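A.B. asks: The task is simple: from the sequences and hints, build the whole structure.
Mapping to the numbering used here: the sequence shown position 123 is 868, numbers consecutive.
Hints were generated in silico from the structure; no laboratory data involved.
Here the structure is a predicted model, which is why all the values come from computation and not from measurement.
All clues given are correct.
Here are the simulated DSS-like pairs of lysine-lysine, each with C-alpha atoms no more than 25 Å apart in a straight line:
| hint | residue 1 | residue 2 |
| --- | --- | --- |
| 1 | Lys-888 | Lys-930 |
| 2 | Lys-803 | Lys-973 |
| 3 | Lys-888 | Lys-931 |
| 4 | Lys-888 | Lys-927 |
| 5 | Lys-866 | Lys-829 |
| 6 | Lys-796 | Lys-973 |
| 7 | Lys-800 | Lys-973 |
| 8 | Lys-959 | Lys-973 |
| 9 | Lys-800 | Lys-978 |
| 10 | Lys-931 | Lys-873 |
| 11 | Lys-803 | Lys-978 |
| 12 | Lys-888 | Lys-925 |
| 13 | Lys-975 | Lys-796 |
| 14 | Lys-959 | Lys-829 |
| 15 | Lys-931 | Lys-875 |
| 16 | Lys-866 | Lys-931 |
| 17 | Lys-871 | Lys-829 |
| 18 | Lys-975 | Lys-800 |
| 19 | Lys-875 | Lys-829 |
| 20 | Lys-829 | Lys-873 |
| 21 | Lys-975 | Lys-803 |
| 22 | Lys-796 | Lys-978 |
| 23 | Lys-959 | Lys-978 |
| 24 | Lys-959 | Lys-975 |
DEER-style ranges, computed between Cβ atoms:
| hint | residue 1 | residue 2 | range |
| --- | --- | --- | --- |
| 25 | Lys-973 | Ser-879 | 51 to 57 Å |
| 26 | Gly-949 | Lys-973 | 40 to 46 Å |
| 27 | Gly-901 | Glu-801 | 50 to 56 Å |
| 28 | Gly-992 | Ser-897 | 24 to 30 Å |
| 29 | Lys-888 | Ala-979 | 36 to 42 Å |
Each residue gets a CB set at the ideal place from its N, CA and C atoms; glycine is no exception.
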Amino acid sequence: RAFEDLARAEGFDVIAGSMDEMPERESELISTFISRRVDGLIIVPTTSDHKYLEKERKAGIQFVFIDRPANNFTADTVVATNRKSAQQATEHLINNGHTRIAYMGDSQDIYTAAERFAGYKAALAKAKIKLDQSIIHHGVQDKREIDEFTTSILTGSDRPTAIFSSQNYVTIEAIRALTKHKLSKKVALVGFDDLPFADLVEPGITLVTQDIQKMAEVAAHLLFERIKGKTTKAELHEIDTIFTQRGSGEL
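C.D. replies: Structural data, given as structure tokens:
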């Protein structure tokens with residue numbers, strides 16, 4: 746919606762499609778859009794190699810990547826401060842007295858997930874807290890697997906006192922698990938990505954959220970400038986996140 750509002754102001758229409766983390770879907774969508782003679786594309790990438798876009802760029806198509814950088818292809822890119830913000834979120838838990846902090850996130854093959862996990866590890870290393878693989882879980886595809894993980898760490902003898910969840914889907918699963926085991930007010934929780942109901946639960950969920958409007962504005966501006974003829978070298982913009990304390994991370 747943010748892209749559409751900005752595009753209309755510039756006299757452009759927006760066509761959108763979803764990839765659902767499917768690399769083959771990315772190339773199909775891009776081919777479809779290019780066949781419709783679009784002026785430019787803003788892409789949240791999923792494939793591991795974007796060399797195939799060189800031919801399209803030579804044909805005059807302009808590209809901006811958002812949320813994640815391209816692979817083997819140089820283009821304007823807009824991302825959130827994933828690593829720095831994840832480190833700050835973990836440090837927030839550490840500053841509240843937590844030294845045993847579980848981590849839940851998406852597959853490490855995904856740029857944002859890898860960056861956020863790196864931030865989590867950096868915070869632990871800075872505080873001289875040993876990394877414990879037994880309280881770390883990657884992947885969001887299997888809900889049953891997530892449930893088994895949360896149950897095992899929350900009912901074990903050495904239960905973590907806090908959880909850092911680096912993706913909104915797993916934050917929901919963390920909330921569900923804490924509620925199930927009646928630990929919502931005993932185990933701290935900080936999540937990455939927005940949740941529309943974050944202030945409605947008890948305690949409210951402390952979150953790191955991406956500034957979606959700002960990211961859209963920057964990405965759209967970059968694309969429009971390229972379409973108008975800008976030829977300077979590709980730019981990388983890291984947009985600061987928003988940290989909102991609501992109680993769950995301050996237990």
